[in-house]
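Novice: Sequence:
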Amino acid sequence: MTELRRSRSGRRLFVGGVVSMVASVAIVAGLLARKVSLVRAEGRARATDVAAGPHVRVARVTAPQDIQTLTLLGEARPYAAVTLYAKVSGYLRRILVDKGDAVGMGQVLAVIESPELDQQYEAALADARNKRVNADRFRGLAKQNASSAQEAERYETDAAVAEANLKAIETLKSYEVIRAPFTGRVTARYADPGALMQNATNAQTGALPVLTVSETGRLRVYAYVDQQDAPLVGVGTPAEITLPDRPEVRLASRVTRVSGLLDPRTRTLLAEVDLENRGGAIVPGSYVTVKLAAKGRGYPELPAGALIVRGDTTLVAVVDSSDRVAFRRVVVARDDGQSAHIAGGVAPGERVALNLGESVAEGARVQPVEQH
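Following the working numbering, the numbering of the sequence shown begins with 4 at its first residue and continues without gaps.
These are computed hints drawn from the structure, not numbers from a lab.
It cannot be assumed that every hint is accurate.
Straight-line Cα separation of at most 30 Å, DSBU-like style, residue types lysine-lysine; simulated pairs [as the list claims (entries may be wrong)]:
1) Lys134 - Lys146
2) Lys90 - Lys146
3) Lys146 - Lys102
4) Lys176 - Lys294
5) Lys102 - Lys90
6) Lys134 - Lys102
7) Lys102 - Lys176
Required output: the full structure, derived from the provided sequences and hints.
Specialist: Spelled out as structure tokens, the structure:
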């Protein structure tokens, strides 16, 4: 009886083991079948993706614009700057201003002491007075017929010459006082009281300057326009001035004057923008960014990354409606590194590939990813 029970128990264990093994095999087989199915599906998807071509970023060619922005590096300079020299020789007796001082037009800045000129003035003054007295006396004698008219006329001439000489020396003496030629600020000082100042009108002497006065309330912003953009800029072109290190500073103005001639060395056109600077937002001498709202070129525009240079030829890869690539030769009118104006070869609205690799051939199918 005991042996019969053991036999039945063993058969049950055997049957259970077989069932478990069959179930495990079935599960493994199912998993393998699913994996094979996934691999096959992935292979089909990959094959489909390969057949569709590589993913390529594309952008639309934009229509010509009436206005285009030219971004240039400019320099802000004082509207006027004058270095003052002595026009008479002497010693610097007083200097009444220093660097950074604001000055008004006609304000006394420095005084020169010239003993030799003072002596010439005193002598000329005495001579003019004496000859005027003689001329008046002989004019009276001539009226009384006590002297000839010719002699009275000679004394009158002598008096006039002496008075003209006195006036010339008075003019020279006025140069002992150096005045501000306009309202501005002292931006440089070269001499101290007691320094020997020489007459700067004598080109043979190395005259020492006294001061430099600059008009900083107004600025001239100098910007240089490339030859290809020169026809687009003229007097009245809107301009915006910004500082690279202070982007919050934005000053609006217009082009005030253009040189009208390209610099023969750089082939650039000088454009000047007059700018009010009463608040001192821009320090004279600063580099600034000048944005000019210039006239449009009338050419379609596309990103510079679409250009493909092969030797002397410039191409773009146009992606047509069937997502196939066609290489076209284009004529670039302007390229600033970010965008390019195309004079011929593409039309507005067409899609062009960006940064296309060399592995993509003519007529190849691609998967365009539009850039916005």
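Novice: For every hint, state whether the structure bears it out.
Specialist: Results for each hint:
A C-alpha spacing of about 18 Å is found between lysine 134 and lysine 146, which places the hinted pair at or below 30 Å, so the restraint holds. Pair hint lysine 90 plus lysine 146 does not hold up; C-alpha atoms about 45 Å apart against a cutoff of 30 Å. Straight-line distance between C-alpha atoms of lysine 146 and lysine 102 comes to about 63 Å, which puts the hinted pair past the 30 Å bound. For the hint pairing lysine 176 with lysine 294, the CA-to-CA distance comes to about 50 Å; that exceeds 30 Å, so the pair is violated.
A C-alpha spacing of about 22 Å is found between lysine 102 and lysine 90, which places the hinted pair at or below 30 Å, so the restraint holds. Between lysine 134 and lysine 102 the CA atoms are separated by roughly 48 Å; this puts the pair beyond 30 Å, and the hint is violated. The suggested pairing of lysine 102 with lysine 176 holds, with an alpha-carbon distance near 26 Å, which does not exceed 30 Å.
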